[in-house]
Amino acid sequence: MLLSLIVFMPLVSAILISLLPKENWIRPTALFLGLAQFVVSLVLFAQYDPSTPALQLVEFVPWVPALGVSYFLGIDGISFWLVLLTTFLLPVVILGSWTAIDKKPKGFHIALFVLQTAMLGSFVAMDLVLFYVFFELSLVPMYFIVGIWGGTRRIYATTKFFIYTMLGSLLMLLAIIYLMFTAQEVLPAKQMTANILELYKLDIPFIAGQFLNPQTLLFFAFSVAFAIKVPMFPFHTWLPDAHVEAPTPGSVVLAGVMLKMGSYGFLRFVIPLFPEASEHYAWVFLFLGVVGIIYGALVAMVQPDVKKLVAYSSVSHMGYVMMGLFALNTYGVTGSIYQMLNHGISTGALFLLVGMIYERTHSREIEKYGGLAKVLPIFTILFFIVTLSSIAVPMTNGFVGEFLILLGAFEASMFFGSLAVIGVVLGAVYMLWMFKRMFFGEEGELVSDKKHPLHDLSLREMVVMAPLIVLIFWMGLLPNQFLQYSKVSVEHLVSTKDAYQLSIHTPQPESDAQLAFGMKFFKSVAQAPEAK
Amino acid sequence: MTADSLLFFILAAMTVGSALVVILASNPIFCSLALAMAMISVAGIFASLNAWFVAGVQLIVYAGAVMVLFVMVLMLFDLKDEVRAFSRGLVSGFFKIASVAVIGGVIAAAVWMSTETIFSTAPAAPTVNATVATKQLADLLFKKYLFSFEAMGALLLIIAIGAVALSRIEGGTHADK
Amino acid sequence: MQAEFLFAILLLAPLIGFIINGLRWKSKNYLLAGSIATGAVAISFIAAVLVVMKLFGADAPKAVTVEYFKWMAVGGLEVPVAFVIDHISALMVLVVTGVGTLIHLFSIGYMSHDERPSKYFAYLNFFLFNMLLLILGENLLLMFVGWEGVGLCSYLLIGFWFSDKEKAAAGMKAFVTNRIGDAGFLLGIFTIFFLLGTVSFDEIISKVAGMPVEVGWSGPITLAALFLFIGAMGKSAQIPLYVWLPDAMAGPTPVSALIHAATMVTAGVYMIVRLSPLFILAPNALHVVAVVGAATAVFAATIGITQFDIKKVLAYSTVSQLGFMFLACGVGAFGAAMFHLVTHAFFKALMFLGSGSVIHAMHEEQDIRKMGGLKKYLPITHATFVVGWIAIIGIPPFAGFFSKDEILWKAFSSPLGHKGLWAAGVIGAACTAFYMTRLMALTFWGKPRFDEHKTHPHEAPPSMAIPLIVLAILSAIGGFMGIPHVIGEILPGHPGNWLEHWLAGSIAAPAGEAHGSAIMEWILMGISVSIAGLAALLAFSFYVIEPDRPKQWAARLPGLHRLLENKYFVDEFYFERIINPLVSGSKALWAFVDVNFIDRATFVVGDFVRGMGSTARTLQTGNMQQYALYISIAIALMFVYLLEGPKRLAELFGG
Amino acid sequence: MPINDALLNVGLSHYLILSALLFTLGLLGVLLRRNVIVILMSIELMLNAVNITFVAFSRYSPTANMDGQAMVFFVMTIAAAEAAVGLALATTIFKKFREVNIRYFEHLKG
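Chains as they are written, first to last, in my numbering: chain A, 1 to 532; chain B, 1 to 177; chain C, 1 to 655; chain D, 1 to 110.
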């Protein structure tokens, strides 16, 4: 029941919020509910067993038996951190948008919570149709978040976002239906099914070098859907628009979690379901990943709008994630999972910071700033730390992910791996150049404006940033504590990807497990360094 | 030509002729009068088919009640001769007539082709006494189709209320806000 | 005491200093901040000494290693947080913490008028922490952490006065240029890891021990060595990545002394020495190292001749001296490289601090054309600077002589060496002697060229003078740790080459016979010293005896002078040919690929759908009769279909 | 079927063809006329055509069943109801535009 609780608690919260009579109750209630669902998700630490690759905390209820569709939830090392990242970011976002969202706060928070359910659902759904439902459901609240609380071109941006993503997922829907029918024909049960564990057993025909064969077509149908969501290089143009127009919390959730639904999809569905095609066409994704890294960095470099710069940096960072995934080795995949978390945290933090300065000056144009370091020292320090994380300086989280990805990519293909390293340089170029122009030098017109003096971060804003900063260093200094949760699953995936199977883990009844969950949590953290 | 067939052809000619007037006359009053005529002719047709009761109802309900309604509304509007009785558009007009012709033709062809096989050889059922026939009809309506009959009643009630409500709305859907 | 404990103190003391000063970054109390920072480094130094002591003695271990916890463990990659002090890192850690302490001490006085002394000391401490990580890290990855960390601190310290756009830009330039090197370093790590399956130095060295020497260019070890050398190029400012170092002089002068002369920039050399058993297997890579080193040595020295900023002269001098160290590495004389690294740390730190003292005295004036005759105002600074000057131009028995001469001799005699490399080294040394003498002459000697009534240069306070004196002593005697055999033999007591002995077990030596005899060594030594001496005399005559001569020569060789004064137009070249095209190309990419191509392509799809929609929309007029028409058409068609209309018609007309 | 026969023996076909004729005329009226009231009248014509069919089938079915006639009642009821609502709508349209042209129904869209 834990997973259902985690997934649907936000939905219940949304209903609760909708019943609130007074406007000024909404934010505290939302924050409380957000924190509550985060705390509930922490129970995962106690219930989750990192030593097995099997699916855990499984819930299975037939939904549409005739089609083999079921309400099937489960979690393993691949989705473990993504779930926690999602639940973690919600309270941060709510607190971060305390003053940024000034109209219709009720609707906004409802949308945020519904979105939360959709995102969590797609991370734990182990049934393709259920996954698809959650995957698509996530579009709706985001559509409204950008479309109602966004900037001036919000309608354009939100429509573009919606249609782009929708288009890809329709292809995926076709592929899902095809898979379900294939399962009916091929599997011994002779029954349609969307159960991913059953579908893993399919051996879909693949002919190397030919495009028109089932596995290749299915592979690309799924890939396009997820590549748009990630977004990978040629499908990325919705992202900068959506990010620039989205309100700060929207950007944070979009960059922090929603993009990961794409890369998670690759890991959960594309690679295990279509192993031959994945291997055969890995070079396409390595290539597009490299192009994304370099292209994103170059274009980010010349953006006049700081939010757009961060958005393009997302394209670059997600390029790393794609490279890591399609390195198809332990280093790359582990690095990718790590990089997903990093990106969620550091890009989320960057968007929050950009939002904070935007609230003060109502401008995002880099040229209008300058000399902020003198005026807003605390803001500068935080921004700098996040910048470091974004450009993957060692001892911050970014380094671990990027290093592992590059290591994996280098093993998979020396050529692409070496090219990707250029991104390391360019990343420093665009971030530091932006940093220099905004924070150093003479004070810009917005900064020196005596009529509107800038105030340094308030206590609330510091509280928002604190957990992110702590995580940046924690994940950078003690990565093993995080890596150990996904280690077994990743190794299982990589080593058996040609015949990937996932069993269901049935835990020994442990009566004291729930009681001692706090103890166990701290023990697991304390033991982390020794874990192999 | 027997008397029956003569009666049929006269009634049919009256029906079709008055229907033509309905759709061609430019003055709505003429239209309504022609419609009344058509109703009466149809009642005659019913009678020729031995459906005496239905023929009576046709006269009372249609030629009586419905026609009165039409005429009253027309009087209320005080409409003159219409300058343009028919809607515009040569092309669409052509399509309209063509499609109607096709429908009519196809139906006629269908009748032509199918009656032979189904009923033409079958003689008309033996005529029964009008009283018996009406009794049979009542039996059907109040037993077999009781639910539908009652539903009809409810429908009529709702329609009556709805019509009153609708005509009382100020400005209809375009009420000035 | 336990090694774990000592290492912890050694590493954490600067980190704690950083945290304390970092938390009170707003404080203007420079004395307190400086004391905390200096104390932290001093503690670190003491701990370092205590650890290094363990290496002495008859049955002393070759290295002291401690492991704290696993940092990363993924697949076959296991990266423990482990540290080692062996004979190489012992040398380095002592230099870094020792010279570091002195420079911290000096900084107290230097930064006394600054707005944010606490922040400065925090950065300085953090730098030291990272430098120690770099030096002590037991694996390549940990070294890389320090490697990037020192780059970061360098960025922060160069841009310390960030309100000045130029200085902020210099910081960024340093970081980005370093990053290019770091990228190479990363590739080097990858190559080594996939070749040997480990990143630990100990295991790398034991695994390469049995490997044959690679002949060609494409072998994995050669590749790894070249990748790593790219890293070294960035950090140690070699051609073509040296451009950041002269600009890095924008930072406070003690920073230049610590980071950009004594410690960080030598990290590349240190790394190569550390991996010498690997490099020695790739002679071709070593040739590259040697040639780049020699070229840099000459190239930077020639630029140094025409610079007028006191710190810029020293910066180019540093680049040039680093070139010497790489030359040494390239010819397989890793010991000589280490030796020069140490002596260079002494005398260059001394001279930077001296220049800091001068700048402090002249109220932030850095142009040597506006100095002159400072000898009488700054006697201590002058005296110590003279020691540094003699040391760098290589007059025996000062430190520079021994180390530089060993490099030159090895360049000549090593199996990997070449006469051309030797000649380049001698030219570099001559240029060094010339520009250093010029610097001395223009700064300290001759007549003052500043307004003596307005500017009153004052001698440095003791906190600044003490480090100068200590470093001067070290510069004077530092060379005796590596007395060449030929000299040792004629000295009383026959002192051996202690350094060579100390490093013997830890570094590799090139296979093959050294050529050249003791007589030859004497002759070459004589040649190089006399050439340097002549160059110094020439400079003396140019700038002290006949101050007009430089201008005459500049007029006589206008092309060369312009070329040198503008630093061979390298910065301009990079700017015009790399940075500008990159920026404008990116703008074009954005405009064409994103906006005009991808977006337009998606719009085409959208417009197509929209076009179909608006075509279909014309059917939906809202005209009820039209709708009725559609219904009737549909019914007609349905009837025709149901009654098999076409078939019937065919029957009707066909047969 | 010889023409004489067709004239003498009136059977089901005759009624059905009459019904078809009436129906098409009604349809033409619906499609071509502009006056809402006339259109309503045309609809009545079409309904009557259907009624003729019902009664004719009822009469000529071999088992003389009355279901067809029962249906006629329902159709008539619906027709009456439809006329009532249609005329009410026409009244509202007339109130607004002082005319009962069908094109004003275009304005009924939300």
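One thing to keep in mind: the hints can contain errors.
Here are the simulated SDA-like pairs of lysine to any residue, each with C-alpha atoms no more than 25 Å apart in a straight line [as the list claims (entries may be wrong)]:
1) C:Lys26 <-> A:Arg460
2) D:Lys95 <-> B:Ser92
3) D:Lys96 <-> C:Gln620
4) C:Lys587 <-> A:Ser495
5) C:Lys587 <-> A:Ile294
6) B:Lys144 <-> D:Lys96
7) C:Lys165 <-> A:Tyr156
8) D:Lys96 <-> B:Phe86
9) D:Lys95 <-> B:Lys135
10) A:Lys308 <-> C:Gln620
11) A:Lys308 <-> C:His363
12) B:Lys143 <-> D:Thr77
13) C:Lys28 <-> C:Ile579
14) A:Lys308 <-> C:Ile579
15) C:Lys587 <-> A:Ile422
16) D:Lys95 <-> B:Lys144
17) D:Lys96 <-> B:Leu76
18) A:Lys374 <-> C:Ser112
19) A:Lys103 <-> A:Leu167
20) C:Lys165 <-> A:Ile366
21) A:Lys374 <-> C:His363
22) C:Lys587 <-> A:Glu365
23) A:Lys368 <-> C:Gly585
24) A:Lys368 <-> C:Val595
25) B:Lys135 <-> D:Arg103
26) D:Lys95 <-> B:Met72
27) C:Lys207 <-> C:Glu67
None of these hints come from the bench; they were simulated from the model.
Hint-by-hint comparison with the structure:
Restraint check for Lys26 of chain C and Arg460 of chain A: the C-alpha separation of about 22 Å stays at or below 25 Å, so the hint holds. A distance of roughly 29 Å separates the Cα atoms of Lys95 of chain D and Ser92 of chain B; the hinted pair therefore is violated under the 25 Å criterion. In summary, the hint linking Lys96 of chain D to Gln620 of chain C is supported, as the alpha carbons are separated by about 24 Å, within the 25 Å threshold. Between Lys587 of chain C and Ser495 of chain A the alpha-carbon distance is near 43 Å, which puts this suggested pair outside the 25 Å criterion.
Of the supplied pair hints, the one linking Lys587 of chain C and Ile294 of chain A holds, its CA atoms being roughly 13 Å apart against a limit of 25 Å. Using a Cα cut-off of 25 Å, the hinted pair Lys144 of chain B and Lys96 of chain D is violated, with the two alpha carbons roughly 45 Å apart. For the hint linking Lys165 of chain C to Tyr156 of chain A, the alpha-carbon distance of about 38 Å lies beyond 25 Å, and the restraint is violated. For the given pair, Lys96 of chain D sits about 22 Å from Phe86 of chain B by alpha-carbon distance, which is consistent with the 25 Å threshold.
The hinted pair formed by Lys95 of chain D and Lys135 of chain B fails the criterion: a straight-line CA distance of about 46 Å is larger than 25 Å. Annotation: proposed proximity of Lys308 of chain A to Gln620 of chain C is violated, straight-line Cα distance about 41 Å (limit 25 Å). A C-alpha spacing of about 44 Å is found between Lys308 of chain A and His363 of chain C, which places the hinted pair above 25 Å, so the restraint is violated. Taken as a hint, the Lys143 of chain B and Thr77 of chain D pair is honoured in the structure, with Cα atoms around 18 Å apart against an allowance of 25 Å.
Between Lys28 of chain C and Ile579 of chain C the CA atoms are separated by roughly 39 Å; this puts the pair beyond 25 Å, and the hint is violated. Taken as a hint, the Lys308 of chain A and Ile579 of chain C pair is honoured in the structure, with Cα atoms around 21 Å apart against an allowance of 25 Å. At roughly 18 Å between alpha-carbon atoms, Lys587 of chain C and Ile422 of chain A fall within 25 Å of each other, so this suggested pair holds. A distance of roughly 44 Å separates the Cα atoms of Lys95 of chain D and Lys144 of chain B; the hinted pair therefore is violated under the 25 Å criterion.
A C-alpha spacing of about 14 Å is found between Lys96 of chain D and Leu76 of chain B, which places the hinted pair at or below 25 Å, so the restraint holds. A distance of roughly 20 Å separates the Cα atoms of Lys374 of chain A and Ser112 of chain C; the hinted pair therefore holds under the 25 Å criterion. About 31 Å separates the Cα atoms of Lys103 of chain A and Leu167 of chain A, which puts this hinted pair outside 25 Å; it is violated. Taking the CA atoms of Lys165 of chain C and Ile366 of chain A, the gap is about 15 Å. The hint holds against a cut of 25 Å.
Note on Lys374 of chain A and His363 of chain C: the hinted pairing holds, with a Cα-Cα distance of about 24 Å set against a maximum of 25 Å. Distance check on the hinted pair: Lys587 of chain C and Glu365 of chain A sit about 16 Å apart at the alpha-carbon level, within 25 Å; holds. For the hint linking Lys368 of chain A to Gly585 of chain C, the alpha-carbon distance of about 24 Å falls within 25 Å, and the restraint holds. Between the alpha carbons of Lys368 of chain A and Val595 of chain C the distance comes to roughly 24 Å, so the proposed pair stays at or under 25 Å and holds.
Only pairs whose Cα atoms come within 25 Å are accepted, and Lys135 of chain B paired with Arg103 of chain D is rejected, the gap being roughly 47 Å. Straight-line distance between C-alpha atoms of Lys95 of chain D and Met72 of chain B comes to about 15 Å, which keeps the hinted pair within the 25 Å bound. At roughly 21 Å between alpha-carbon atoms, Lys207 of chain C and Glu67 of chain C fall within 25 Å of each other, so this suggested pair holds.
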